[in-house]
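Using the sequences plus the hints, can you model the full thing?
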Amino acid sequence: MSTAVLEVSELTVRFPVGAARLPVVDGVALRLERGKTLALVGESGCGKSMTALALMRLVPKPGRIEAGSIQLEGEEIRELPVAAMRKIRGGRIAMIFQEPMTSLNPVRRVGVQVVEAIRLHEKISRPDARRRAIELFERVGIADAPTRFETYPHQLSGGLRQRVMIAMAIATHPAVLLADEPTTALDVTIQAQILELLRELQRSEGTAILLITHDLGVVAESADRVAVMYAGRVVEEASCRELLRAPRHPYSRALLAAMPAAARPGARLAEIPGTVPPPAQWEQGCRFAPRCEFAVENCRQTVPPLLAFGAGRGVACPIVAAGPCP
Amino acid sequence: MSTASPLAANERLLRVRGLKTWFPLRQGLLQRARTWVRAVDGVDLELDAGTTLALVGESGCGKTTVGRTLLGLERAQAGSISFGGRELVGLPEQEFRPLRRRIQLIFQDPGAALDPRMRIGDAIAEGPRSFGATRHEQLTRTLELLERVGLDASMTERWPHQLSGGQRQRVCIARALALEPEVLVCDEATSALDVSVQAQILNLLADLQRERGLAYLFITHDLALVRHFADRVAVMYLGRIVEQGPVARVFERPAHPYTRALLAAAPTLDPDRRGRVRPLSGDLPSVLSPPSGCPFHPRCPEVLTDRCNREIPADVAVPGGGTARCLLDPARA
Chain A
1 MSTAVLEVSE LTVRFPVGAA RLPVVDGVAL RLERGKTLAL VGESGCGKSM TALALMRLVP
61 KPGRIEAGSI QLEGEEIREL PVAAMRKIRG GRIAMIFQEP MTSLNPVRRV GVQVVEAIRL
121 HEKISRPDAR RRAIELFERV GIADAPTRFE TYPHQLSGGL RQRVMIAMAI ATHPAVLLAD
181 EPTTALDVTI QAQILELLRE LQRSEGTAIL LITHDLGVVA ESADRVAVMY AGRVVEEASC
241 RELLRAPRHP YSRALLAAMP AAARPGARLA EIPGTVPPPA QWEQGCRFAP RCEFAVENCR
301 QTVPPLLAFG AGRGVACPIV AAGPCP
Chain B
327 MSTASPLAAN ERLLRVRGLK TWFPLRQGLL QRARTWVRAV DGVDLELDAG TTLALVGESG
387 CGKTTVGRTL LGLERAQAGS ISFGGRELVG LPEQEFRPLR RRIQLIFQDP GAALDPRMRI
447 GDAIAEGPRS FGATRHEQLT RTLELLERVG LDASMTERWP HQLSGGQRQR VCIARALALE
507 PEVLVCDEAT SALDVSVQAQ ILNLLADLQR ERGLAYLFIT HDLALVRHFA DRVAVMYLGR
567 IVEQGPVARV FERPAHPYTR ALLAAAPTLD PDRRGRVRPL SGDLPSVLSP PSGCPFHPRC
627 PEVLTDRCNR EIPADVAVPG GGTARCLLDP ARA
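Quick mapping for you: the protein sequence lines, in order, are chains A and B. FYI, my numbering numbers position 251 of the first sequence as 251, with every residue one higher than the one before it. Count along the second sequence from 1, add 326, and you get the number used in my numbering.
Honestly, the hints are just simulated from the structure, not real lab data. There's no promise every hint is true.
What the hints assert, rightly or not - Not close to chain A: a few residues of chain B, all C-beta gaps over 12 Å, as computed: (1) G354; (2) G386; (3) E413; (4) L425; (5) R445; (6) D596; (7) V603; (8) G647.
Said to hold, decoys possible - Just the calculated beta-carbon pair ranges, DEER-fashion: (9) B:R636 / A:R199: 32 to 40 Å; (10) A:P277 / B:L356: 54 to 62 Å; (11) B:S490 / A:A308: 31 to 39 Å; (12) A:E138 / B:A574: 39 to 47 Å; (13) A:H173 / B:F577: 36 to 44 Å; (14) A:D144 / B:E421: 48 to 56 Å; (15) B:A574 / A:N105: 42 to 50 Å.
Just so we're clear, the structure is a prediction, and the values are computed from it rather than from any experiment. Glycine residues also receive a C-beta, built at the ideal position from the N, C-alpha and C atoms.
In structure tokens, the structure reads:
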């Protein structure tokens, strides 16, 4: 197995609610390898975006990382001083978001913003940085780069704005790219372009990508491995093909079965009864147990750990792991 | 509350012909309309009772404007909307009002659709009340509807912010059904919902259609959803329908290059398909300056004839059902 670029274990983020401190990210372990994409999948409120923010050490107050380890290329960064962390953000770890409009300054030209991002991490003259930035614009497929360089964010389409964000993100040759729903706001033909661009950049730069998404179609298009999150925990981790072909955890199975793409046209969709519980209502045992058709009494008592299930696969369900699957 | 005129056996519930909805761009001192945004530019559609027509396309293609025009929320510039045998275009407001009840809308953000200061019970009863239902009728109807959409009777006392996204969409469905419509326009009605909740809402809509013979106009960008849910599909590009037909035919043998590109770009659950498809290049052109000739020709990945940038293609029948607007022979695919 190749070495991990980013290795996360037992990551726990808690938010105070009344007297309690609720673990919205609860003992998450992830492993990113060079040149590979790990998809972190789940429905709203499962903790996937909070996990990404925690990796950047950007958990909003009053939340706090309370436990765990985050190792970037062998270096522990969980307790790193703020100044050192600031160097890492946008340097060795870069991030792109769903709506680039909220990450770009609306009143400044996009080119200048990229130049600044470069100069923040590198001692380089303004003209040199400008040349580099234009090269980057071309690199991410922005046609007519010198002209687009002088435009304001609102003058660009959603797809072009995301390309600008990607140009900014790859400027420092980051080892890790965190991509939080990078194509969710885009049309399908533009989404296909951006996913293709990310794949191509990954091939040439060897970037490790953590792709955060709710869309299993996007996962199928771009992930090598997948971690499925539910209510703050990773419930299944597997290769992309294994997960999509034969999901094991009852939640992963239900999630895939509920997708219109998985159903016969016109047939009833498989529903997951109930809704994702908010943190205040999480059970002490398996948090999916109240909605799970296979749950037994014990499921509600003890937290199931991620159990090995075949080679390189983990399932947080003792019933499934005990085998012949129900 | 039945004011529906009986339809002749061979008549469509809804028939749209040459619909144009243009928005003026006013300029200069006198605010004269110098240019027009041709959001909907000659659309033909047909919808039968008890069936679902999906209207698909990318942002800015005009699909939402088509829905809003049907509801009387935008004024049609030209064309005809025949609903239950009556012409809606050009109808004075007083005559339109009773018909409005029969076409209802649910949309993407159920949070924005509900008045935050109105209890759920009042929100559902608002429509029937405005059409003169008594308090008793309003209450029985509300309770009936809540039960039908899978919500508890105690919901009547709750406020919108106390509900989850899925529950709010159920309330919006109940609110739309309160007026016993014949057509429900669903504009990205499940796009903001999580997959597991989306499945619940789609199943509910399918059940309601079966029970009540509702016709759905499903406006969406999600092709997997269309394939699963719709009977017919119309593909829109820059204000025009470029292809329409039965869902199975359009998905299996798409006749228009844009439909083919759209289907190819849509992610599937098959990891082995990855990277096999060349994405369509370029962005959508602006509706302000649409390309000459076929609106798709600047992005068209297929063989262009020298007519593509000059002639606007007309509808050509496609074997297996439906039509396509392409100068290449749509039957060749």
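Among the hints numbered above, which are violated by the structure, and what are their numbers in rising order? 2, 6 and 7
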